[in-house]
Structures are given as C-alpha cells and as structure tokens.
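Chemist: Here are the chains, one letter per residue:
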Amino acid sequence: MEKKTLTLWVLSLFLLVLKTSNSLEEGLESTRMHDYAKYHPMEEIYTWMEEVERGNPELVSSAVYGRTYEGSNITLLKLGLENPEGKEKKVIWVDCGIHAREWIAPAFCQWFVKEIVHSYKTNKKLEQMLQNLDVYVTPVVNVDGYIFTWANESTRLWRKSRSDPPPNSSCYGVDLNRNFNANWGTVGVSFDSCQNNYCGKAAGSEPEAKAVMDFVGKMVNQTLCFLTIHSAGQLILLPYGHPQITAPNYDELVAVGEAAAAEMKNVHGMGYTVGTSPQILYANSGSSRDWARLIGIPFSYTFELRDKGEFSHLLPEEQIQPACEEAYAGALSIIANVHDKTFNSGTRPNAAVSGVAMGILTIMVVSFTAGVKV
Amino acid sequence: MMATGELNPNHYPAQRAAKVVQHYLNTRYGSPYRLLGLQRVHSGNAEDVEDSGRKYQLEISVQEMIGNTTEKCSAEVLFPRGEGQRSPQVQASCEQLLKVNNTAQEEALYKLFKTNQSLLSAQNLPDSYGHIEPDMKPLWHLSIVASSAVMLNESTENTLYNMAQVANITQLATENDQVKFDCHVLLHEMVSQEIIHWKLLFTWSPPEGVKVLQMEQLPHCHDCEKPPNTN
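Line order of the protein sequences matches chains L and G.
Here the first sequence is numbered in my numbering, starting from 1 and rising by one per residue.
Here the second sequence is numbered in my numbering, starting from 1 and rising by one per residue.
Quick caveat, the hints were computed from the structure, so don't treat them as lab data.
The structure displayed is predicted, hence computed values, not measured ones.
Ideal placement from N, C-alpha and C gives every residue a C-beta, glycine not left out.
Some clues are possibly wrong.
[Said to hold, decoys possible] Residues from chain G that face chain L, not an exhaustive set, calculated with beta carbons under 8 Å:
#, residue
1, Asn10
2, Thr115
3, Asn116
4, His131
5, Thr159
6, Gln165
7, Leu172
8, His197
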C-alpha cells in the first residue's frame with residue numbers, strides 16, 4: 001500500500017516538474033518565436049510581455065502602472081536579479097512609444113528585453129549589473145496612439161495620444177512629450193489642439209504622462225538613469241529642451257553620451273549626434289527627459305533612432321535588427337557607465353566605458369555570430 | 001538670436017541649411033536612378049546680407065543613395081528676408097555628381113512607362129512597414145525628386161523637410177514624349193512635427209529630367225476620419 005502511494009507521489013511530482021519545465025520551455029520558445037525583426041501590433045506586444053515574464057520568472061516581473069485615455073493598460077517589464085548581499089537596488093528606466101508613429105522605438109524595447117534575457121546567464125558583467133539594478137522597460141507608453149497607427153494606412157503617421165478634443169475643437173490627442181511637468185508650455189509647443197506638438201491643457205494633464213511621473217516619482221531617489229526612446233534623426237539628446245537652462249552635470253552628460261555614440265557607431269557605422277535639443281534639433285519643453293533631470297535623476301537621455309530622412313518614421317523592417325543592435329550598444333554603454341560610477345568606487349567613466357563596453361560588445365558579437373535565433 | 005559667423009556643423013542652423021541644398025540637388029539632378037541625401041556637414045558659416053536675407057556657406061558631404069557613392073560639395077544658401085514668401089536661393093558645386101552613368105537604366109524605365117499597356121499607379125510608398133516593392137522603387141524615387149521642388153520652395157531657417165510617404169501616384173496619358181504623373185505626397189516637417197499633404201503634377205524624361213507643372217498644398221486632414229456628428 002505504502003509503496004503504491006509513494007510511487008504515485010513520485011509520479012505526480014515527476015509530471016508536475018515536466019509540466020512546469022514544459023511551460024517554461026514554451027515560454028522561452030514563444031519568446032524565441034516572437035520575431036524581433038518585425039513590427040508587432042499592441043495585442044502581440046501584450047502577449048509577448050506575458051510570455052517573457054512567464055518564461056523567465058527569476059529575472060522578469062511586470063507591473064501595470066497606469067491606464068491610457070481609452071482605458072488600456074500601461075505595462076512595464078522589470079528586469080532584475082536578487083542582490084546577493086541584500087543591498088538596495090538602484091533603478092534604470094527605459095520607455096518606448098511615447099510617440100505613436102515611431103514604431104522602431106517599441107521594437108527596440110522588445111529587442112532590449114530579449115537581449116538581456118538571452119545573455120544575462122553567460123555575461124558576467126550583465127549579471128552583476130542586474131544584481132545591483134532593476135531595469136524598468138515600458139515597450140509602449142502611448143498605447144492608444146500606437147493602436148491608432150495600426151488602424152489603416154491613413155493613420156500610420158499619427159503622433160499624439162488619443163484624448164478627446166477639448167471644447168470648441170474637433171482635434172484629438174496631446175503630444176505626450178510636451179505634457180510632462182518640465183517648464184511646461186514655454187517653448188517648442190502649440191496651444192492649438194489640432195497641432196502635432198499640442199502640449200495639453202496643463203502639465204501632466206494626460207493620463208499616460210501622469211502615469212510615468214507618478215510611478216517614477218516614487219522611485220526617484222533610487223533612479224540613476226532615464227532613457228526615453230524615439231525616432232528619428234540619429235541623435236542622443238541631453239537635457240534641457242529650453243535654450244536657456246543647462247543641466248548641472250552637462251559636461252558629464254556629454255561625455256557619457258559621446259561614449260554611447262561611439263559604441264553605436266562601432267556596430268554598423270551609423271553616426272549619432274550628441275547634444276541638447278536646442279543645439280541639434282529644436283527647443284522644446286515638457287519632455288519626459290527634461291522632467292526626469294529636473295526631479296533629480298542624474299542621467300537622462302532621449303534616443304532618436306534611425307534614420308536621417310530617407311524613410312523617417314517608416315523605417316523598413318529589414319533595418320529593425322541593425323537599428324536595435326546599435327541602440328542596444330548605446331543604451332548598455334550608458335547603463336554600464338552609470339552603474340560603474342555608482343557601484344565601483346574610484347572608477348573613472350572613460351576607463352569604465354571602454355572596458356565594460358568592450359566586454360559587452362564582445363559577448364554580443366559572439367552571440368550574434370553564433371546565430372542566436374530570435 | 002541667430003548664430004552668425006562660424007557655425008557648429010552639428011547644430012541645427014547648419015543642418016537645416018544643408019538639407020535645403022539636398023532638396024536643391026534633387027530638384028536639379030535627381031532622377032529615378034539618382035537620389036541625393038545629405039550625409040554630413042563639415043563646416044558652415046552664416047552672415048546677414050543687408051536688404052537680402054541671411055546667407056549660409058557650407059561644406060557638406062552628399063550621398064548618392066542608389067549607387068551608394070559619396071561626394072563633397074560646397075554650397076551657398078540664401079534665405080531671403082522681406083515681403084512675401086520667397087524660396088531660398090541655392091548655389092552648389094558637386095563635380096562628381098553627374099558622372100555616374102545611369103542612362104541605360106533610365107532609358108529602359110522610360111521605355112517601360114511609354115509602352116506599357118496600362119498606365120501605372122501605386123499607393124503607400126513605402127507602406128506602414130517601410131516596404132516598397134522593387135518594381136515601385138522608381139516611382140518612389142520620382143516622387144522624392146518632384147517633392148524636392150516643393151520642399152525647396154517651402155524651406156526656411158525654421159524648417160526641416162523630408163518626404164515621408166507617397167500616398168498615391170498615377171501615370172497620366174500624354175501626347176508628347178514626356179511621361180506624366182499625378183501624385184499625392186506626405187511631407188514631414190521636423191520642427192513642427194507636422195505631416196503636410198501636397199498634390200503634384202510632374203513630367204519626366206531622361207533628357208529633360210523631372211519638371212513639376214503644378215503643386216498644391218492640401219488642407220490639413222486632422223484624423224482623416226469624420227468628426228463627431230454635432231447636428
């Protein structure tokens with residue numbers, strides 16, 4: 001009698017283990033089957049986030065931190081490992097898709113997560129960073145706008161959110177990257193709701209912007225770095241968008257930005273220009289990048305990914321991989337720099353950059369040539 | 001406060017002026033097999049010209065996008081001041097540009113347009129995924145060249161234009177030796193981030209190049225969907 005019960009238990013345990021590892025396998029399989037070199041509609045991105053979390057529970061968790069105007073979840077993935085000494089984790093923030101038509105940005109956030117998931121176990125430096133840092137990634141902030149760009153061919157170039165027209169207007173949407181509480185409404189904006197840089201009726205009036213500010217605001221003391229991903233133009237923008245305001249650590253922001261641009265150029269030869277928005281693009285206010293720097297996050301950058309005008313926001317799918325590879329190198333360069341500054345005492349940024357970046361780049365090159373199936 | 005004297009080549013004043021040179025070069029030399037793109041600004045200088053406007057002198061590198069060759073050019077751009085909206089005046093010298101021989105390809109394409117049973121037409125170049133069918137690429141190139149005339153005309157120190165998409169392009173019948181097209185293009189203006197719609201009527205032939213006959217800005221289509229019924 002006892003033997004049979006024992007056998008039954010062992011068998012059940014065996015089946016349970018098999019089932020769990022199967023669904024883990026499935027989770028990994030489906031993230032491997034998710035084509036990172038294609039653009040995905042929002043439903044597929046939501047599903048993918050669930051799969052990544054399910055397939056990598058020791059690394060990935062998710063959180064819904066807000067609702068869009070139309071009521072969709074604003075979801076992030078949190079990537080991090082347990083700190084072996086139980087030390088407090090610092091925070092890196094990455095958001096994509098504030099502007100609906102900039103499809104390469106959400107594509108990059110998916111790529112970024114995939115790269116980390118696929119390489120952290122074999123990359124000692126990455127593993128160490130994930131023990132010290134929690135990386136919060138929002139693949140699509142402006143879910144309503146992104147969904148709208150998928151509706152039909154005529155909506156593809158929508159930029160703003162999809163909030164209702166204000167009184168006396170028939171025009172939808174607010175430019176979320178002019179709605180943040182950072183010198184709101186002062187420069188590079190329009191108060192005409194029909195314009196593409198309409199900044200909304202007040203700072204943080206838009207639920208998407210408010211969600212980011214509320215969530216990051218709670219972690220501001222732990223947050224080292226804020227990266228907001230856009231297209232196009234091949235630029236790395238540092239704060240501030242207002243021509244008369246300079247960040248206190250401007251020189252350092254430039255140095256770290258230039259190091260990132262150098263790493264990006266090493267990947268496929270593409271040049272990225274580093275500077276403030278008023279220097280290399282145009283003056284603007286109310287951007288997420290400016291808000292982050294203003295509340296005290298020391299490193300805050302806007303990445304403007306490919307290209308420089310041939311396709312602009314309609315970047316061909318065959319460029320997704322190379323664009324993401326170079327953007328990943330740039331983002332990692334900044335994150336590693338920021339990490340080493342915080343956690344390795346006495347390490348000068350330049351030395352840290354070349355050493356760390358070379359290490360990461362080597363691993364990347366090795367895994368690319370080894371034919372990592374994505 | 002406008003930057004005067006030597007310009008930082010990476011900053012927007014020189015970059016915007018250089019983009020105007022790109023539009024000028026495409027208007028003058030562009031074809032289905034020759035498309036110029038601004039690659040880099042090496043140096044720039046700006047000065048106020050009394051009673052005329054503002055003149056930029058630039059050293060730039062331009063890339064021929066189809067053959068993937070690069071060439072250095074010197075250029076001057078004058079943004080006029082004063083009454084009425086006048087287009088920038090551009091002078092540029094890029095010696096190597098015309099030396100690339102694409103005559104055979106152009107003649108073949110011209111013959112195709114002229115002898116095809118039905119008139120060609122296409123929509124959404126590129127499509128939402130950035131894709132253009134290889135057969136449609138010459139139409140896309142022609143539209144960029146034609147759009148460059150508009151972008152050249154419309155450019156100021158406060159704009160940066162690129163063609164975002166061809167909404168549609170239709171070949172029209174002609175009695176003469178030109179090939180004729182009617183197209184609806186979407187231009188992206190970077191500083192305002194607006195998408196501006198233009199309708200263009202243009203002709204092309206290998207000897208004549210692209211000639212824009214008519215250009216018309218279309219009204220701003222807010223959502224391209226009907227506003228809520230307020231009746």
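Chemist: It remains to establish, for every hint, whether it holds in the given structure.
Modeler: Verification of the supplied hints:
1. Look at G/Asn10: its Cβ gets to within about 5 Å of chain L, closer than 8 Å, so that hint holds up.
2. For the restraint placing G/Thr115 at the interface with chain L, the shortest Cβ-Cβ distance is roughly 31 Å, beyond the 8 Å limit, so the hint is violated.
3. With 8 Å as the threshold, the beta carbon of G/Asn116 stays out of range of chain L, its nearest partner Cβ sitting at about 25 Å, so the hint is violated.
4. Of the supplied interface hints, the one on G/His131 holds, with its beta-carbon coming within about 6 Å of a beta-carbon of chain L, less than 8 Å.
5. Against a cut-off of 8 Å between C-beta atoms, the interface hint on G/Thr159 is violated, since the closest Cβ of chain L lies about 10 Å away.
6. Of the supplied interface hints, the one on G/Gln165 holds, with its beta-carbon coming within about 6 Å of a beta-carbon of chain L, less than 8 Å.
7. Contact between G/Leu172 and chain L, as hinted, is not supported at the beta carbon level, the nearest pair being about 23 Å apart and thus beyond 8 Å.
8. With its C-beta approaching chain L no nearer than about 11 Å, G/His197 sits outside the 8 Å limit, and its interface hint is violated.
Hints 2, 3, 5, 7 and 8 from the list above are not met by this structure, while the remaining hints are.
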